[in-house]
Amino acid sequence: MMTHKALKTGGMGEWLLADTPDSAFQAWAGRAYLGLMAFMKNRLAVLGLLIIAILIIIAVLAPVIAPYDPVETNIGNRLQPLSFTHYFGTDEMGRDIFSRIVWGSRLTLYVIGLVAIIAAPVGILVGTVAGYFGGIIDTMLMRITDIFLAFPKLILALAFVSALGPGIENAIIAISITSWPPYARIARAETITIRNSDFIKAVKLQGASALRIIAGHIMPLCLPSLIIRVTLDMAGIILTAAGLGFLGLGAQPPSPEWGAMTSSGRTYIIDHWWLITMPGTAIFIVSLAFNLLGDGLREVLDPRSDN
Amino acid sequence: MSELLIRTRPIRTLKQTVRILVMVATTFLGLLLITFLIGRIVPIDPVLAVVGDKASPQVYEKARIAMGLHLPLWKQFLIYIGNVVTGDFGTSVLTANPVIDDILRVFPATFELAGTATVIGILVGIPLGIFSAVKQGSFLDHVTRVIGLFGHSLPIFWLGLMALMLFYVRLDLLPGPGRVDFFYEGIVTPVTGILTIDSIVAGEWEIFRNAVYHLILPASLLGYYSSAYLLRMTRSFMIEQLRQEYILTARVKGVKEWKVIWGHALGNCAIPLITVIALSFGTLLEGSVLTETVFAWPGLGLYLTNSLLNADMNAVLGSTIVVGAIFLGINLFSDFLYKVMDPRAR
Chain E
1 MMTHKALKTG
11 GMGEWLLADT
21 PDSAFQAWAG
31 RAYLGLMAFM
41 KNRLAVLGLL
51 IIAILIIIAV
61 LAPVIAPYDP
71 VETNIGNRLQ
81 PLSFTHYFGT
91 DEMGRDIFSR
101 IVWGSRLTLY
111 VIGLVAIIAA
121 PVGILVGTVA
131 GYFGGIIDTM
141 LMRITDIFLA
151 FPKLILALAF
161 VSALGPGIEN
171 AIIAISITSW
181 PPYARIARAE
191 TITIRNSDFI
201 KAVKLQGASA
211 LRIIAGHIMP
221 LCLPSLIIRV
231 TLDMAGIILT
241 AAGLGFLGLG
251 AQPPSPEWGA
261 MTSSGRTYII
271 DHWWLITMPG
281 TAIFIVSLAF
291 NLLGDGLREV
301 LDPRSDN
Chain P
308 MSELLIRTRP
318 IRTLKQTVRI
328 LVMVATTFLG
338 LLLITFLIGR
348 IVPIDPVLAV
358 VGDKASPQVY
368 EKARIAMGLH
378 LPLWKQFLIY
388 IGNVVTGDFG
398 TSVLTANPVI
408 DDILRVFPAT
418 FELAGTATVI
428 GILVGIPLGI
438 FSAVKQGSFL
448 DHVTRVIGLF
458 GHSLPIFWLG
468 LMALMLFYVR
478 LDLLPGPGRV
488 DFFYEGIVTP
498 VTGILTIDSI
508 VAGEWEIFRN
518 AVYHLILPAS
528 LLGYYSSAYL
538 LRMTRSFMIE
548 QLRQEYILTA
558 RVKGVKEWKV
568 IWGHALGNCA
578 IPLITVIALS
588 FGTLLEGSVL
598 TETVFAWPGL
608 GLYLTNSLLN
618 ADMNAVLGST
628 IVVGAIFLGI
638 NLFSDFLYKV
648 MDPRAR
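These protein sequences, in sequence, are chains E and P. The opening residue of the first sequence carries number 1 in my numbering; numbering runs sequentially from there. The opening residue of the second sequence carries number 308 in my numbering; numbering runs sequentially from there.
Quick caveat, the hints were computed from the structure, so don't treat them as lab data. This one's a predicted model, so the numbers in the text were calculated from it and none came from an experiment. Virtual Cβ for every residue (Gly too), placed ideally from N, Cα, C. It is possible that part of the hints are untrue.
[As the list claims (entries may be wrong)] Restraint-style ranges between C-beta atoms, simulated for each label pair:
no. : chain 1 : residue 1 : chain 2 : residue 2 : range
1   : P       : Q323      : E       : I192      : 19 to 27 angstroms
2   : E       : A24       : P       : V392      : 56 to 64 angstroms
3   : E       : N77       : P       : K442      : 50 to 58 angstroms
4   : P       : V329      : E       : D198      : 35 to 43 angstroms
5   : E       : D198      : P       : S445      : 44 to 52 angstroms
Construct the entire structure; sequences and hints are all you get.
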């Protein structure tokens with residue numbers, strides 16, 4: 001790895017850290033470089049990022065890594081302890097737990113990816129529109145946001161799942177419905193500080209429409225703080241999705257969702273510890289990784305935070 | 308000038324009170340609108356659930372009118388508000404009782420669990436938060452950070468199962484799921500509904516001890532999550548206070564260090580801390596859904612999940628409204644503390 005000092009003596013480092021950058025790109029690259037350096041110093045955040053990278057690799061290569069089919073049952077082979085043929089043992093249906101956890105990583109990424117894709121744009125849209133127009137639109141949109149914010153996420157998600165019916169898609173919808181309000185609040189706060197700045201006034205004088213100003217000039221500036229918040233929320237989303245799976249309201253059997261796997265292993269808690277230990281550990285490690293990464297990002301990108 | 312300030316203060320307090328109450332009322336209406344709409348989009352036909360699928364069209368139509376489902380939506384919503392405000396959440400399909408009776412019956416168990424957990428959370432979380440704020444970067448500070456981080460990363464249902472496996476299955480130190488051993492069940496007549504208190508009232512010490520043993524594991528589990536949250540907040544409040552100049556003044560004056568920390572600094576954290584404790588109690592109600600399922604604890608959380616799995620919509624939505632109302636009450640309480648009690652926030 002190239003250290004800060006080594007770079008500085010070379011031409012690359014000089015270009016990146018120039019006091020008077022020649023182009024916007026150079027300035028951007030220099031800032032990104034400094035941010036990266038600050039981030040790399042936070043070893044726990046790097047560890048978090050590493051775990052997430054491994055998770056993504058495992059998910060992509062699941063068919064190669066997993067030695068067995070994750071859903072094919074083999075009753076004759078049930079409840080086998082840990083061994084070299086079954087690294088994490090087998091479950092009550094004789095399925096290889098290691099293979100199920102490997103395939104389950106896809107479900108985890110699927111859930112957090114879709115929730116982020118649904119909730120973040122809704123939040124940013126509501127927040128920027130409310131913040132930009134102000135007045136009655138702002139009041140109404142923020143009242144709706146506050147109503148969702150005022151109630152516990154899991155309980156609301158449960159109520160929505162009960163209406164939509166159990167299943168992983170419905171769990172994703174329910175979690176998304178309860179996840180967007182904080183993003184709207186952040187986007188609104190950012191918009192209000194940007195709204196009255198000179199460059200927005202200049203664009204407005206040029207005749208840009210509200211749509212163009214919001215989508216082209218305000219939204220991009222809201223992104224950094226939103227990304228931190230979404231990353232910090234990932235752990236919570238994983239835990240909520242796993243909790244719904246555990247209650248039998250998320251992913252349905254035989255799909256290898258980690259929360260549902262923990263739930264079906266409950267019956268065998270007395271003699272077969274690996275049934276609940278393995279999937280639960282997977283949930284823990286992944287949500288820990290997102291918490292570490294989120295904390296690290298916040299320290300780098302948000303100078304107001306503690307520590 | 309000062310006279311004017313004194314005279315306008317009650318008016319301003321009143322205005323603020325009214326504003327907060329209006330906010331709470333609209334938020335509660337919003338919650339009712341959500342639960343009402345959930346009740347409408349649910350794919351179960353409520354009429355069919357009552358009359359059965361062999362009913363003739365005439366019976367079906369009569370039931371539909373009797374249930375008010377022929378009215379326009381806004382009228383149905385107004386009736387719904389009226390029902391909820393008077394405590395009528397409909398009848399549970401599962402238990403055939405009015406939902407409100409069921410909730411009143413199961414809630415004390417949740418209160419007992421969440422209340423004990425809050426006490427544990429305060430006793431563990433606040434001192435740890437203070438110590439780690441005073442000795443930043445110390446070993447204890449790092450331990451505290453790990454406790455906090457794990458509290459935000461460990462799935463509560465899994466930690467509960469692992470604790471059961473260790474303390475119940477392997478070590479046999481603590482009893483398994485449930486609120487009390489089954490041969491003790493139903494002996495004590497419920498007075499408060501809180502078993503540990505009821506058994507003392509009845510003088511059943513054996514049952515009291517058994518109930519406490521059963522309470523230890525789930526309450527410690529929830530207490531851990533509560534303390535993980537409280538210590539993070541306490542730490543940042545204390546760091547904020549210890550930076551202030553009045554702390555420096557106190558130290559320069561020669562006030563003893565323990566008095567500076569536990570008296571001056573902590574005293575100024577008191578109001579935000581109380582609001583955080585109140586909010587954490589609300590979060591525990593949420594955590595109790597999963598904890599009660601793991602420990603077969605017969606409270607609101609278990610009632611909610613059982614109703615969910617049996618598509619008992621009245622019970623689900625009734626429980627949601629009750630938990631939401633408690634949340635609102637807690638928010639209202641902390642708002643009052645902040646805006647009305649704390650002179651700095653005026």
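Structure-based check of each hint:
no. : hint                                : verdict
1   : P/Q323 x E/I192: 19 to 27 angstroms : 23 angstroms, holds
2   : E/A24 x P/V392: 56 to 64 angstroms  : 59 angstroms, holds
3   : E/N77 x P/K442: 50 to 58 angstroms  : 54 angstroms, holds
4   : P/V329 x E/D198: 35 to 43 angstroms : 37 angstroms, holds
5   : E/D198 x P/S445: 44 to 52 angstroms : 47 angstroms, holds
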